Amino acid sequence: MNGTNHNGIRIGYYICHCGHNIAGVIDCGEVARRIGVLPGVVVSRDYKYMCSEPGQELLRQDIRAHDLNRIVVASCSPLLHEHTFRTAVEDAGLNPYHFQMVNIREHASWVHTDHAAATEKAVDLSRAAVMRVRHHRALTTTRVPINPAVLVVGGGIAGIHAALTLANAGKQVFLVEREPSIGGHMAKFDKTFPTLDCAACILTPKMSSVRAHKGITLWTYSEVAKVEGYVGNYTVTVRRRPRYVNEALCIGCQECISACVYREPKFPDEFNVGLGKRKPVYIPFPQAVPQVVVIDPDRCLELKTGRCKKTCVDACADRNAIDFTQKESLEQIQVGNIIVATGFRLFDAKRIPQYGYGMYPNVVTSLELERLVTSSGPTGGEIRLRDGSAPRSVGFILCVGSRDLKTNRWCSRTCCMHSMKLAQLVREHTGADVTVFYLDIRAPGKGCEEFYDRSLKEGIQFVRGRVAEVTDWALAPEEEGKLVIRVEDTLAGFVRRIPVDMIVLAVGMEPQSDAQSVRRLFNMSCGTEGWFLEKHPKLAPVSTFTDGVFIAGCCQGPKDIPDSIAQAGAAAAEAMALIDRGYIEQEPNTAHVLDDCCGCKSCIPLCPYTAISFDAGSQKAVINEALCKGCGTCAGSCPSGSITQNLFDDDEVFSEIEGLLHA
Amino acid sequence: MNYSYFPGCSLKGLGRAYEESLIPVMRHLGVEMTELPDWNCCGATAYMSVDERQASILAARNLAIAEKAGGQDLLTPCSACYLVLNKTKHYLRETPAMRAEVQQALSRAHLDYSGNTKVRHPLDVLVNDVGLDAIREKVVRPLTGLKVAPYYGCQLVRPYSTFDDAWNPTSMDRLMTTLGAEVVHYPLKTKCCGASLTGTVPEAGLRLTYILLLEAVRRKADVISTVCPLCQFNLDAYHGQIERRWGKVRVATVYFTQLMGLAFGMSPRELGLNRNFIPMAPLPPLHAQPSESSTP
Amino acid sequence: MPSEIITPPASWSPRIVAFFCNWCTYTAADLAGVSRMKYAPGVRVIRLMCSGRLDPQFVFDALRQGADGVLIGGCHPGDCHYSEGNYRMLRRFRLLRRLLADLGYEDARVRLEWISAAEGDRVRVVVNEMTEQLRALGPLDLPGRISEWNRELAGNAPGAPSSAAASPVPEVSHA
Chain G
152 MNGTNHNGIR IGYYICHCGH NIAGVIDCGE VARRIGVLPG VVVSRDYKYM CSEPGQELLR
212 QDIRAHDLNR IVVASCSPLL HEHTFRTAVE DAGLNPYHFQ MVNIREHASW VHTDHAAATE
272 KAVDLSRAAV MRVRHHRALT TTRVPINPAV LVVGGGIAGI HAALTLANAG KQVFLVEREP
332 SIGGHMAKFD KTFPTLDCAA CILTPKMSSV RAHKGITLWT YSEVAKVEGY VGNYTVTVRR
392 RPRYVNEALC IGCQECISAC VYREPKFPDE FNVGLGKRKP VYIPFPQAVP QVVVIDPDRC
452 LELKTGRCKK TCVDACADRN AIDFTQKESL EQIQVGNIIV ATGFRLFDAK RIPQYGYGMY
512 PNVVTSLELE RLVTSSGPTG GEIRLRDGSA PRSVGFILCV GSRDLKTNRW CSRTCCMHSM
572 KLAQLVREHT GADVTVFYLD IRAPGKGCEE FYDRSLKEGI QFVRGRVAEV TDWALAPEEE
632 GKLVIRVEDT LAGFVRRIPV DMIVLAVGME PQSDAQSVRR LFNMSCGTEG WFLEKHPKLA
692 PVSTFTDGVF IAGCCQGPKD IPDSIAQAGA AAAEAMALID RGYIEQEPNT AHVLDDCCGC
752 KSCIPLCPYT AISFDAGSQK AVINEALCKG CGTCAGSCPS GSITQNLFDD DEVFSEIEGL
812 LHA
Chain Y
54 MNYSYFPGCS LKGLGRAYEE SLIPVMRHLG VEMTELPDWN CCGATAYMSV DERQASILAA
114 RNLAIAEKAG GQDLLTPCSA CYLVLNKTKH YLRETPAMRA EVQQALSRAH LDYSGNTKVR
174 HPLDVLVNDV GLDAIREKVV RPLTGLKVAP YYGCQLVRPY STFDDAWNPT SMDRLMTTLG
234 AEVVHYPLKT KCCGASLTGT VPEAGLRLTY ILLLEAVRRK ADVISTVCPL CQFNLDAYHG
294 QIERRWGKVR VATVYFTQLM GLAFGMSPRE LGLNRNFIPM APLPPLHAQP SESSTP
Chain E
129 MPSEIITPPA SWSPRIVAFF CNWCTYTAAD LAGVSRMKYA PGVRVIRLMC SGRLDPQFVF
189 DALRQGADGV LIGGCHPGDC HYSEGNYRML RRFRLLRRLL ADLGYEDARV RLEWISAAEG
249 DRVRVVVNEM TEQLRALGPL DLPGRISEWN RELAGNAPGA PSSAAASPVP EVSHA
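Residue numbers (my numbering), protein chains in the order written: chain G, 152 to 814; chain Y, 54 to 349; chain E, 129 to 303.
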């Protein structure tokens with residue numbers, strides 16, 4: 152080994168096989184041999200799994216035995232294991248920043264098929280790291296205290312569960328919900344699969360707990376307007392829309408609703424997806440939380456014209472809860488962590504015109520049927536056609552807006568089970584013949600395959616094939632007055648026409664329409680489909696690329712209630728892990744001004760965090776380390792090269808370039 | 054508004070009623086159509102399926118002439134021409150080898166095609182360029198009480214659904230409503246008319262035509278409105294054979310431009326309505342016809 | 129830039145030095161790996177926290193040290209993890225582009241791409257595309273050229289030894 156007399160720099164180099172993941176493509180022994188002869192390299196080894204405990208121990212032993220003071224590990228992405236190895240290096244007594252990681256898995260062995268070229272690349276990348284690590288300086292992290300309060304965005308089942316978990320652990324929680332009540336989609340469901348237990352019975356107690364919990368500040372009818380700061384210290388501005396009712400004074404008696412000048416409910420009711428009617432003053436649903444009415448400014452006579460008799464105000468009497476002068480307000484809160492649980496929206500069935508939604512009144516969506524089945528729904532639990540009669544045959548079309556190249560490619564994961572649940576309920580309530588048109592039945596959850604079996608036993612027919620169209624074009628007498636489903640039955644091998652009374656479209660899940668602006672608000676990423684992107688699909692499924700911002704529930708991708716709750720619990724635990732440690736360790740990649748600074752001030756406006764100021768005494772720029780986030784933009788643009796960034800020093804980057812190119 | 058006009062063979066032959074109604078209607082709305090000089094066969098569906106290369110050269114020649122003539126949008130009323138010209142544009146854009154061959158052939162005729170000419174259907178132009186408001190202003194004889202089954206056929210919206218939905222097009226529905234007619238729900242609006250199968254495999258072709266007619270009758274339509282000369286011919290010309298096979302399904306099929314002409318106060322004869330085998334019944338009497346139109 | 133014609137060997141493959149920001153493009157390259165997408169092996173990635181850190185001298189240095197092209201990857205406009213580092217870099221890049229053009233470098237030698245963390249496939253497409261473009265342009269071989277020029281200058285200088293060892297031209301330096 153060529154380790155002697157290189158300014159005291161003693162480098163240990165390790166290349167990981169990662170089983171076959173790396174060694175299957177890259178000749179690790181060859182790389183280790185060629186790196187071993189570079190100046191300063193004392194130890195050069197290849198090893199099966201560097202991240203395993205024996206691998207880390209090998210590192211630690213070598214550091215002690217060979218008096219190493221720089222370590223380079225070539226393995227996977229630093230975004231995955233940099234922290235692991237820095238800790239191992241630190242355990243052996245070295246400064247953790249005397250370490251450099253080389254990504255030869257994601258950036259080489261997994262993306263190249265030419266073994267020789269991939270090996271050559273691994274050598275170049277490793278040489279660059281070896282040359283770079285010589286310049287590494289010992290750095291210390293700074294600790295910033297963490298604000299123990301947490302913001303939860305979205306009051307569906309995921310947000311509710313995360314808020315309660317945190318509040319039960321004694322943390323202060325702000326729960327912000329856009330709608331007038333929490334509950335989300337789950338509040339609209341009748342029963343849940345595969346157990347058929349009542350959704351309201353499990354959800355509403357949790358909703359009441361949110362309302363009652365001292366640790367939770369609940370803001371409904373509100374949206375996050377602005378997020379500033381960083382992990383541990385976020386400043387969040389929440390826009391609270393006026394509901395024209397004083398939440399503190401309203402007792403939820405709903406006398407104003409009966410007293411409203413509109414004698415009968417007249418306007419489509421959002422909670423019942425337009426199947427029912429409500430008044431301008433309303434409560435979204437009986438178990439709404441908070442139990443506070445809301446006045447719709449687009450419908451209310453007083454708010455529209457200012458010329459109403461205001462019978463509601465009379466009914467409210469000395470409670471004085473109704474306040475037509477309420478204005479939108481902005482509230483500012485300080486939190487250390489944020490959990491985003493903003494959910495999904497349902498696919499708009501009108502986008503597939505051949506299924507006749509919006510054209511034929513008895514074509515409904517799965518959520519509409521859900522409201523028809525519910526005993527608290529607009530029909531009191533009676534499944535009815537639009538003419539008031541009971542259907543004698545019902546067809547369910549699956550994968551509407553899912554697994555379809557023309558609309559959405561992904562599987563929405565819940566529609567098979569959801570449809571089978573509704574199919575069983577339809578049979579139970581009406582005895583109608585039920586046919587399910589499916590591509591594949593996906594019933595992978597606990598108890599779900601059994602539920603599928605039960606559906607078959609209960610006489611539900613399954614026809615495999617993507618439905619071509621729904622039409623009222625009758626070719627045979629038995630089709631008269633019915634909706635005809637035209638489908639290629641791919642198991643029977645011919646085209647069928649199946650007449651039914653009612654058609655249920657199992658609409659898939661889509662990212663919320665404002666997912667992109669929400670993503671920007673919280674500095675998150677979206678996958679190509681528009682779901683919020685987790686930091687790592689397996690190892691960090693509820694984290695995002697922004698520290699202190701977590702995701703839970705369907706905003707991350709389609710999932711069922713148990714999975715949403717599991718994620719919400721995980722997100723709460725991740726937030727608590729940060730809070731209970733009490734501080735944030737900041738990566739010391741901050742920028743510093745060197746003595747050469749000539750005081751031109753050109754860097755000052757470049758900093759997005761206003762961390763740079765001008766010191767009149769020394770006539771030089773000064774960087775406030777506490778404010779610096781380590782982007783390095785000032786270092787990249789300083790005309791005199793007088794700003795340096797820790798971990799990305801000019802020397803370090805130039806050596807890396809040289810190492811890449813000089814064989 | 055100026056357009057190049059590619060009539061295609063049908064409009065000079067069996068489908069001449071289409072041209073007879075299209076030209077005065079367009080002129081009435083201030084749309085100038087200049088017939089393409091020295092145009093040739095569009096390449097047509099049959100040729101396309103025998104020799105795509107030769108057919109594309111034929112079609113491209115028309116596109117190149119249109120470009121040479123000033124590059125205005127090329128209006129083509131026949132659905133088959135509309136599809137073939139659009140398909141050729143698509144092929145030339147997507148397959149460089151074909152583009153090179155076609156360019157070579159064109160250059161021998163001192164022509165060049167850059168790919169920019171837009172191929173438009175009159176229905177598209179009427180609804181989207183002229184606009185329903187401008188059309189409504191010209192209506193002097195609203196088609197009140199006339200029940201119209203809007204029939205689009207296959208080639209207008211598939212596979213290139215450039216201006217309307219492939220499954221449920223509504224341009225003609227909205228146009229007919231503007232004329233004062235009542236549009237009946239016609240779920241077969243984009244189903245096949247039988248096309249050339251009527252000539253080659255009549256059992257199959259005629260059955261398809263019959264299904265379309267039957268549904269229009271059951272929906273109580275007074276008339277079927279169509280955009281394509283082949284559809285019009287199939288739906289109009291074979292009633293005798295259909296009646297012998299399946300029974301009587303009598304309903305007239307006319308061009309949408311003929312209905313527009315009627316609403317603009319033109320006479321059935323000047324719109325070519327006399328050419329129909331199954332004549333369209335005279336318009337039902339108007340309840341509130343403007344009195345000044347009848348008094349001199 | 130080359131006036132003389134260099135014929136690369138048939139197997140020649142260009143070397144690209146890539147500067148990727150930690151949050152978007154580097155992550156996208158990781159995603160390309162996780163998704164086992166395949167692309168040309170000539171690219172070597174250097175991770176920066178933000179594309180805003182990109183000092184134009186990094187680009188010159190990479191070319192001087194023998195890269196055939198430089199690829200810069202940052203977050204899409206509006207998506208920068210540090211709000212606006214990518215905009216700052218874009219300003220510098222525009223100037224850099226003009227300078228490179230004045231010096232005679234082909235446009236395809238230095239390329240800027242916005243690639244988000246979700247666009248693993250974009251990394252594959254861009255690297256492959258750039259590799260093909262550079263292959264068509266041929267090697268830049270700036271180290272070879274510099275020593276060639278140094279030799280010429282040394283040879284033309286009156287009384288100078290014909291050996292290439294003496295170099296009257298100061299080494300390009302990044303210090």
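Calculated directly from the structure, the hints in this document are not laboratory data.
Careful, some of the hints might be misleading.
Unchecked claim - Over the 12 Å line for every Cβ pair with chain E, so calculated as not near, a few chain G residues: (1) 260; (2) 267; (3) 497; (4) 501; (5) 564; (6) 579; (7) 581; (8) 629; (9) 671; (10) 674; (11) 733; (12) 740; (13) 758; (14) 788.
Said to hold, decoys possible - Derived, one-sided and incomplete: chain E residues facing chain G with beta-carbon distance under 7 Å: (15) 158; (16) 193; (17) 253.
What the hints assert, rightly or not - Pairs of lysine-lysine, BS3-like flavour, derived with a Cα cap of 25 Å: (18) 342(G) - 428(G); (19) 689(G) - 710(G); (20) 191(Y) - 633(G); (21) 597(G) - 710(G); (22) 244(Y) - 501(G); (23) 200(Y) - 633(G); (24) 200(Y) - 121(Y); (25) 377(G) - 166(E); (26) 557(G) - 244(Y); (27) 455(G) - 339(G); (28) 171(Y) - 633(G).
Quantities reported herein were computed from a predicted structural model and do not represent experimental measurements.
Glycine is no exception: its CB is placed at the ideal position from the N, C-alpha and C atoms.
Separation of residue 564(G) from chain E, once the least beta-carbon distance is taken, above 12 Å: Given a closest Cβ separation of 20 Å, the condition holds.
Pair hint residue 200(Y) and residue 121(Y), alpha-carbon separation not exceeding 25 Å: 43 Å, violated
Non-interface claim for residue 788(G) versus chain E (Cβ beyond 12 Å): 6 Å, violated
Hinted pair residue 191(Y) and residue 633(G), Cα distance within 25 Å: 40 Å, violated
Interface hint status, residue 253(E) versus chain G (Cβ within 7 Å): 13 Å, violated
Non-interface claim for residue 260(G), where every Cβ of chain E lies beyond 12 Å: 8 Å, violated
Non-interface claim for residue 497(G) versus chain E (Cβ beyond 12 Å): Label holds. Min Cβ-Cβ 23 Å, cutoff 12 Å.
Minimum Cβ-Cβ distance from residue 501(G) to chain E exceeds 12 Å: The claim holds: residue 501(G) sits with its nearest Cβ about 28 Å from chain E, beyond 12 Å.
25 Å Cα cutoff - pair residue 171(Y), residue 633(G): 43 Å, violated
Given pair status - residue 244(Y), residue 557(G), alpha carbons within 25 Å: 21 Å, holds
25 Å limit on alpha-carbon distance, applied to hinted pair residue 244(Y) and residue 501(G): With Cα atoms ~20 Å apart, residue 244(Y) and residue 501(G) stay inside 25 Å; holds.
Restraint satisfaction for residue 193(E) [CB to CB of chain G, less than 7 Å]: 4 Å, holds
Checked against the numbered hints given earlier, this structure breaks hints 1, 2, 9, 10, 12, 13, 14, 17, 20, 24, 25, 27 and 28; the rest are met.
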